[in-house]
Amino acid sequence: MKLTGWGRFPVVETQLRAPRDVAALQAMVTGDEPVIARGNGRSYGDSAVGTHTTLDMRHFDHMLSFDAETGVLVAEAGVLLGDVIDAFLPRGWFPMVTPGTKFVTLGGAIAADVHGKNHHVDGSFGTCVDWIDLMGPDGQIRRISRDDDADLFRHTLGGMGLTGVIVRTAIRLRPVETAWINQTTLPAPDLGTAMDLFEQHAHVPYSVAWIDCMSRGAHLGRSLVMLGDHAKRADLDAKKARTPLDAGHKGALSVPFDFPGFALNRWSVRAFNELYYRVGAWKPTKALVDWDTYFYPLDAVLKWNRIYGRRGFAQFQCVLPLDTARAGLTELLEAIAEAGAGSFLAVLKRFGPQDSAFSFPMEGYTLALDFPMKPHTLPLLDLLDAIAVTHGGRFYLAKDSRMRPDTLREADSRADEFEALREARGLKDHFASAQSERLSL
Amino acid sequence: MTALPVLILGARSDMGLAIAHAFAAAGHPIQLAARGSAGLETARTDLALRHGVEVTLHDFDVLDRDGFDGFLGGLPNLPEVAVSVVGYMGEQAENEQDLAQAALVMRTNYEGPAGILALLANRFEARGSGTLVGVSSVAGDRGRATNYVYGSAKAGFIAFLSGLRNRLAKKGVHVVTVLPGFVNTAMTEGLDLPEKLTAEPSEVGAAVLKAVQKGRNVIYVRRIWWLVMAIIRNIPEAVFKKLKL
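If you read the protein sequences in the order shown, they are chains L and F.
Residue numbers for the first sequence follow our numbering, beginning at 78 and rising by one.
Residue numbers for the second sequence follow our numbering, beginning at 17 and rising by one.
Heads up, some of the hints might be wrong.
[What the hints assert, rightly or not] SDA-like mimics (lysine to any residue), calculated; alpha carbons at most 25 Å apart, straight line:
#, chain 1, residue 1, chain 2, residue 2
1, L, 309, L, 367
2, L, 309, L, 279
3, L, 363, L, 352
4, F, 212, L, 352
5, L, 79, F, 211
6, L, 79, F, 206
Hints are computed from structural coordinates only; laboratory data are not their basis.
Model the full structure from these sequences, guided by the hints.
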């Protein structure tokens, strides 16, 4: 069948199989053809699509144990982060790290070593992972951790499923007093101000900036910097304080059909961005926001990937080290504004330090945006790649769908080490995705 | 007083587990009944952890009529709601040739579920409260060449549930008939099903919970199936017999 990632590009012919138990999974992993595990299909490109066999892991969706003292949850890889929140937020626990969607599986969150708005304080998802039960090429499950086979453990965090199939994991949750977030919105008229705001507020747990990548000149990098932290009980009014861990349920809208290609163009995006900035700059700067709205605004629009139409879209996300970030981001934003190809969703985020084997984050600034798939898109993305590489940046594989193999090698010397580990452990013939083949990992 | 549990007969199935999750999420304790129920330990842990409710496992074989009384006697308490999701489709071609196979399909989809619900009905009637839910199938709405053995058993079950509802309406016991169309389960895996007509197990769970809470009588899980089956039921037999369905 034909399968894609969330970005709906590229479309790959693959055999999709959905094992229901460990024995069935074993039989598929030890077969003749390489496999790649897939969670809930939220990675944007081709990292969870196999050119041979794709393993749909969503039947592995059981929670196995929870320690109410330590907040350690043991669960199967196909459990969604949203399921974890549904089950444990009412008991006062929240994920330590969450990406912008709650519809990711735990296995996927580990494989991409996702980051959240608190990376500068708490690091990436891997920091809350105690151990992983990983099925190797021989079909055997091994428990790996920082103490047991640390090398394989480190490479499995951010290893894009290429080190084996993640079957079970133990993650640590964080205690919270309420289901609410204190949010502060600070308008920044240009990139420099936005970056200064990040540095000034480095102690605030959550921070992210929405960035208008259509504005140019003196307004280049015009942003709304959004800060947040978990509200305490004392922060709530009497009504909310009665059920502090229940912020109520919202309905979700769903995009019912693919938007036609003409719906997104430089004028509609510019108008949207202008409006968004004006409203954001005008609104009160402090607000109490429920967890769902704060962390997962896009989840409220199910199937939002359809907004980009049938041809889909491509994401670009790179991280630039601190010392080159200002110059590099300026150059990237100029190139994007020049092409007039900006998107609704351009996000700027300050990363904290991270030492990892193959995961994406490093200390610096990360810029993420999406582009509808149009004829000029791929050349523009190649240009953005080149700018990022010049400034010592590297790329987020969970979002990539089109990078060239030499770009990856230029940007990231760790790729060779990762490939060598795959060779040495006999993983290369058993675990492969369309992405790993494209990038020759 | 603690809430009485919801009994799921056929708890190993995707639909059975999804219904269990829906009721557990609403705070009901759960009794999972299936053959070899020890194999449901992971599902039990998962339900209990997620929803913070008590979940118990019980061995139940729908073909073992003589064991029904013992099974019910072994439950720690009489449930508030009993849901039968037991079913077995078999292969139509095989059912046509092999009467033993056809009998297995008939007994699994009609005789067994009707029998266990009959015993529960009597107990519920004596207590004066409770809800019985029978998961049948749209296949029971009209016999078709491609699955009439299965469909006829489901039709029998629909008629049984209808009669039971009629009998118990004034006794405080309610009966719900559930008619799922296509559902994305282990039973239909690998089949090429139309997306708009195919429900996820979780939709079945939500629909059953709602039907019980609202006292509905007969529900189609996806409303479109009401229309589809209304059309299929109303095709004149002279035309119907010539169709390939």
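Review point. Taken at face value, is the distance from the CA of residue 352 (chain L) to the CA of residue 212 (chain F) at most 25 Å?
Key: violated, 37 Å
Exercise for review: Could you grab the alpha-carbon distance between residue 79 (chain L) and residue 206 (chain F) and see if it respects the 25 Å cut-off?
Suggested key: Measuring from Cα to Cα gives roughly 15 Å; hence the hint holds.
Check your understanding: Given the proposed pairing of residue 79 (chain L) with residue 211 (chain F), does the C-alpha separation stay at or below 25 Å?
Key -> holds, 15 Å
Point to revise | residue 309 (chain L) paired with residue 279 (chain L) [C-alpha distance capped at 25 Å] | key: Given pair residue 309 (chain L), residue 279 (chain L) holds - Cα atoms ~20 Å apart, limit 25 Å.
Review point. Going straight from one Cα to the other, do residue 309 (chain L) and residue 367 (chain L) come out at no more than 25 Å?
Key: holds, 13 Å
Check your understanding: Under the criterion that the straight-line Cα-Cα distance not exceed 25 Å, is the pair residue 363 (chain L), residue 352 (chain L) satisfied?
Key -> With a Cα-Cα distance of about 19 Å, the restraint between residue 363 (chain L) and residue 352 (chain L) holds, given a limit of 25 Å.
The structure is inconsistent with hint 4 alone, although it conforms to all the rest.
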